[in-house]
Amino acid sequence: MNASLNILALTLALALPLSAHAHKTWLLPSETVLAGDDPWITVDAAVSNDLFYFNHMPLRLDGLTITGPDGKAVQAENSASGKLRNTFDVHLASPGTYRIAIINAGLFASWDVDGKPKRWRGTADSFAREVPKDAKNLKVTESSGRIETFVTAGQPNEVALKASGTGLEMLAVTHPNDLFAGEVATFKLLLDGKPAADLGVEIIPDGIRYRDKQNELSVSTDKNGEFRVTWPSAGRYWLEAKVEDAKTSLPHASGRRASFVATLEVLPQ
Amino acid sequence: MRPLLILCLMMATCCVHAAEVDVSVAIPRIDASEYHRPYVAVWIENGDQSVAANLAVWYAQTDSKEGAGTKWLTDLRQWWRRSGRNQSMPIDGVSGATRPVGQHQLRFDAAQPPLAALKAGKYSLVVEAAREVGGRELLRIPFEWPITSTRHLDAQGEHELGLVKLDLNP
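The listed protein sequences correspond, in order, to chains A and B. As numbered in the numbering used here, residues 1 to 269 make up the first sequence, in order. As numbered in the numbering used here, residues 1 to 170 make up the second sequence, in order.
No wet-lab data here; the hints were simulated from the structure. Where a beta carbon is used, it is the ideal one built from N, C-alpha and C, also for glycine. Treat the hints with care, since some could be wrong.
As the list claims (entries may be wrong) - Have a look at the derived ranges for each label pair, beta carbon to beta carbon:
| # | chain 1 | residue 1 | chain 2 | residue 2 | range |
| --- | --- | --- | --- | --- | --- |
| 1 | A | Gly71 | B | Asp63 | 51 to 61 Å |
| 2 | B | Gly93 | A | Ala73 | 36 to 46 Å |
| 3 | B | Ala120 | A | Asp70 | 39 to 49 Å |
| 4 | B | Pro170 | A | Lys194 | 53 to 63 Å |
| 5 | B | Arg107 | A | Glu226 | 44 to 54 Å |
As the list claims (entries may be wrong) - Here chain A is said to cover these stretches of chain B; the calculated rule only asks that three of the stretch's residues, wherever they fall, bring their Cβ under 8 Å from a Cβ of chain A:
| # | segment |
| --- | --- |
| 6 | 68-76 |
| 7 | 81-89 |
With the sequences and hints as input, model every part of the structure.
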């Protein structure tokens, strides 16, 4: 694959969660609630329409950030890339809650070179170096996306769940590994560390292949950025929220798109 | 002689007044080509489903090629949520090996830990069983504390548990 194709593929992969006709991006852990002395999990990362089936393309693991129960980074192990999914293992060496996140942040630019569109992706720093000052029909969009899931060995804790203060994030009011069928869970969405009020949240249960409808639960955040969901049944759920605004870090960018995706497991009573 | 006399008196006092709680858990015979003894947790639940006292946890004590016996404690999913995940195994005086098919008796002195700490109020005895390549079952028997009169309470299991009895003796 040559360099420009590489960039195109990367751009597509990163743009996917933000596009209006996006496939769903997700991380799927083998288990979310673990016991024992030396637990491991394996995580699948994929992009697909059907939850949670690998039938489209792998989700790139660039930006994979695993935060351990002490707030320190944990390395993924045994990473592998497949045609339909990427996978990695996580060794839960100490008890507590782990946050597994793929964090994407960057700028997308396109402009005309000799009548043909040129696409570029980079950071605020590389923008000044790499994008010509006199680019024609320059369009710049800033993006920030998080794709997350949570697992707990032994007693849950909250250290790994702290917000970073950038982009769209979810704070746990109900612990994300303490979700049970028939119970209400409360979460809070933050945009740049501040409550994201009146934002729609889409929640879709696993197993789309075996039913006729998406069965999505649509909820909205209140003025404090909080939303509540009553889990109809046990299983895995995919949750997404998106927001577009004009809070860009570069004057060239016309707007920002921020997205948050999480995979949550709800256990039976 | 004197200390011995006092000791005798104390024992007499204790035994005349000590209320008792007898729990009987039946593990049923199950015809299965692959049978494993169930993991079982027995505890006393507060009105808000938090755990007032752990009475017993039976799980595989030895590691197998499939990993540590503790690995499957999450299959006792209510117990794991309410208590297990906060414990470090083994739990002194509470946890032990899995039990075979049959009736298993547990006896607790109301004046001794863990029951001595119970305040007056409404509780439930909860028994949860989970079996590898089998099912899971949870039974609850509500009761009131302290024990004011003899009560014989029970709950009948349907697949992983047989009859569970709770006898309260003032």
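These are the hints, each one checked on the structure:
At about 31 Å, the beta-carbon gap between A:Gly71 and B:Asp63 misses the expected band of 51 to 61 Å. For B:Gly93 paired with A:Ala73, a C-beta distance near 40 Å keeps the hint of 36 to 46 Å intact. The beta-carbon spacing between B:Ala120 and A:Asp70, approximately 42 Å, falls within the hinted interval of 39 to 49 Å. A hinted range of 53 to 63 Å for the beta carbons of B:Pro170 and A:Lys194 is consistent with their spacing of about 59 Å.
A C-beta distance of roughly 48 Å is found between B:Arg107 and A:Glu226, which places it inside the suggested range of 44 to 54 Å. Only when three residues or more bring their CB closer than 8 Å to a CB of chain A does the claim for the segment 68-76 of chain B stand; here the count is 6, and the claim holds. Given as covered by chain A, the segment 81-89 of chain B passes the check, having 4 residues with a CB less than 8 Å from a CB of that chain where 3 are the minimum.
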